[in-house]
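A.B. asks: Residue numbers (the UniProt record's numbering), protein chains in the order written: chain A, 1 to 429; chain B, 1 to 605.
If you are wondering where the hints come from, they were derived from the structure by calculation, not from laboratory data.
This list has only true hints and no planted wrong ones.
One side only, chain B facing chain A, incomplete, derived with CB under 8 Å: (1) Gln404; (2) Asp405; (3) Lys406; (4) Trp431; (5) Leu499; (6) Tyr502; (7) Val553; (8) Leu563; (9) Lys574; (10) Val576; (11) Ile577; (12) Thr578.
From the structure, some residues in chain A lie toward chain B, with a derived Cβ separation under 7 Å: (13) Ile252; (14) Leu258; (15) Glu265; (16) Asp268; (17) Pro288; (18) Ile373; (19) Leu388; (20) Gly391; (21) Gly395; (22) Asn399; (23) Leu406; (24) Tyr410; (25) Leu426; (26) Thr427.
All residues carry an ideal CB built from backbone N, CA and C; glycine is no exception.
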Amino acid sequence: MKDVSRVCLIGALIRLIIPTVLPDLPFWFSSVVELSSPITSFKSLYEAFFYLEHDINPYDGGINHHPPLLVMVMNMIYEYVPVPLRFIVFNALYTFVDLVIAWQLVLINRWYNEYKTKKNGAPVKGFDDSLIVSFYLFNPLIILTNLSHSTSVFSIFFFTETLVQLLVKKNLARSMLCMGVTTYLSVRYVYLIIPVLALAYSIQREPKAVYFQGPSLFVASFAFLILASFTLTASWEFIESCYFVVIFYKKIKPNLGLWWYIFTEMFDFFTPFYTGMFNIYSFCFIIPITLRLFEYQGSGKKHIGDCFLAVVACALWLSFTNPYSTLSDLGFALSLIPIFKGTVLPHCKYLLIIGLTLLVCLLLSPIFYYCWIVLGNGNSNFFYSISLIWGIIHGLILNDLLWAFLTHDYIKTNDVKPESAASIRLTQI
Amino acid sequence: MLYTALLLWISCLQAVLGQPSEAYNEVLKFRPLPRNSLLASFEFNIVSSPVQLKYHGEDSRQTWEGHEHYELFPRVLGPIVEASNTRELHLRFSQGWYDTESSGRLPFNGSKSGGTGVELWAVIEAPDLDAAKADWVKLTNALSGLFCASFNFINDPITTSPRLQFEGKKTGYLANLGNSLFLLRAALPNEPICTENLTPMLRLLPTRGKRGISSLLDGHKIFDSLWHSMSIDLVTQCDDSFSNCALRMDQTIISAIDVIRSLRRIEEGGIPKPTPGEKLRCDESRYHDIWECFPLGDPEDLSYDIESIFGRAIHGAAFEDSSVSTEVSFEADPSVWQIEAISNRSGQEKRTDLTNAGQLNHISYKIADQKDYNFNFTTANSTITSPLPPPPLHAYRSLTGYSQDKGGIRVSFTNLNSNNVKFIYFESLPWFMRVYLSTFKIELQNTTGTYSVKDENEFIKKSYFKPAIDRKRPSQLELFLTVPPESSLIINYDFDKSLLLYAEYPPDANHGFDVEPAAISVIGDDNEIFYEMHTTSLLLTLPTPDFSMPYNVIILTCTVMSLAFGSIFNLLTKKVITEEELEKLSAEGKLAKIMNSVKRKLGKR
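Using the sequences provided together with the hints, build the complete structure.
C.D. replies: Structure, rendered in structure tokens:
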């Protein structure tokens, strides 16, 4: 506990002091392509506050893509706090949210180890609380995201809250409400409802509650938020600028994702086809992963499954196919992976390769972007190559995790002895 | 003879119809400017005969009852304007740089000159904005053909409806019941202005450029100038009951000509050559010999006539009728400038010295007969000109930042007068500049230093901002600003540059994109606009993709997609076994059996 509070303190100080000393930093980071996309940029959120202050409709323009309720809530800080203090309040808010997320991860970690211990019959030992907190708070991807004041932090917060409500508090209804909020903030999280429901079923085993109440509560809460936004803004314009922009890949800005360059280079008449295809591609593995990792009841020793891993794998897949990919998506998924210390993680083989590739990608990405945009001695292909590597990293992590899961599953279902488990060589047919 | 007949016919017609006549007059003004340039402004005014204007909706195409009687007013323009329900039309074609610091105010107080490129705004009568936009498209397409300009490229992403800028301006027309007047504006800053645009301008004149002052207008000479601006202002003028309305068209062509260059062109031809040694004018106060020379500026004692500058003389009055006046006027300091009128009819030359007539700066000369007229300018010191008052405001706009993904705009307004200057700043930026107005900052610079302004309302009395929507609408910023005496106001704000789609880039993508000039209307104490000016246009470079990549991108991206898909698909669908089991299974497979039999046979040999 002492360690946890120490880690939290240092993590909080980094997040609080740096932007307070350098108040321009969040705005500067907001235009760094790796850190924030047009959808999550703090600069555009701030512009929306400015519009509200000057009686301009924030959704009648191409800058703001944040959902109305988020803008309204955050606008309170802008409206009621005077200038020098305002930025400190924003910094404090972002710091607080990140600390809460870190604590939620601790709760999830505890639950996971407990749950697996109960299920396996043998004790499953995960990382300490303080390590889990450090993996999140000292994750450079997460620190940078937080310093850029990207609004994806709030989506992550509500998503971890969904998991905490479901797993720790055992409250499906509240969890679904949080999922509704998450989807409202960042529409691509809607895909995660499928593995989350599977996870809920694996714990509760009440098909009616999980498969009827859950989705209906989720849809109801999402619909309520949309309607509330409609009443607030008195128009449907926000749907276009918050959701259609994501679904139809409308905002073309260089980012780490796969799609921006293909749409830039695409001939007009192909665009609808690729829009449809990429949307299908984004969704195509959500259900298969969930099914493969599903914890089937009564299947005896044939298959154990890990629904929580399904959630993480789907989050990784979404980060891979995100049209406005930033470091935050991968950073969040990477912070969840240490939770599997006791089960899947020991079977991962490529951690070093993945780590090095990620490092190279992160180092080269700003350099190549600078060469293209500022110096002009490189061209867009330099940065594009980085986005390909970014995609490959996601593929590698997913492959490694799934293979590790399969190995773990094989060992458990076939009762391989621990001493031979380390040397077991598996393959697939 | 033709014109006499025409006029006779007009007067007969007038007698029959009992309508007031159409009116026409033309004025040509010359003004020598500092640095040996000459400002020539041609002004033509035409008023059509009054008619009852109707609103032509979409359904009224069948029952066209437009204006049928055009005598002096251009027949080609009337129906376009009436069919598109345009009540006011303003067109500007400008190019070049008019140096207000040395030459003073713009001619006509800037009301007849546009910013670089082409500018068009119109007041359209319509029941709603959509109908107005439909008429606007109709109008721009028709004008595009008429003026040989790219008006057909005017579409929603560059069209704006100015608010503050035109609040002060009055329209002499009252819309029909249920309709309102919509003001729409667009500019094409990268449009080149050339002879093709001048020819249609001349065709609008009743003299067709054959007689009167318009006979001077030769495209090669007019556009070979430091700065030139052509304008058409068409307004509806109604009587008090708004029942009968006449169309009034003011056409101007202004050109600031470099006299030395024009004269050199006659002597040496179009290709500039180095000045031969004996013609070099060296600074006598310094050491000079055949090898060394500190050249002086342009000569100050000049003598030139307009025939050598325009290549032609004025072919008499516009009409052989005294009611239509052709006037040539001069603004020059009579103490150093001598101006002569040379009339010529079949070789008989007659010279009249105009400067003796009056010791005033302003000389007016009426041409009434059908002789050829030429005017000669002689001066001993061309630096002394009749000065134009300095402009009330100087404005400079520039881009800041060095990267291709973001930048800023900095506009400085300098007021050198001893009283406040109020003005409206209008700026429309293309959608691919994502303006962040929250970064808007004002600085005040005066003799004591530079201060950042905390309370913007001190200098901004009114403001209007409409953000851009991607591919649909430009951003529009209008500010009502006040600049205190003898100080500068500097505004700054940031924007992001957007990456465009492949097909949206022009063929020379790395050249950059022109951003239209901002318009400034200075407002006097009586709240009327008394001076208009434009900033220069900006050249914006956007990030560019590699244009040779389309297929490579599809191939590479899809490779990564399929790698991820394939490997995960395998992991999810295949069965997990140990390698020993696999070996055992493969030993029982068909392929293994064949291989074994082959091996056995080989082994036998």
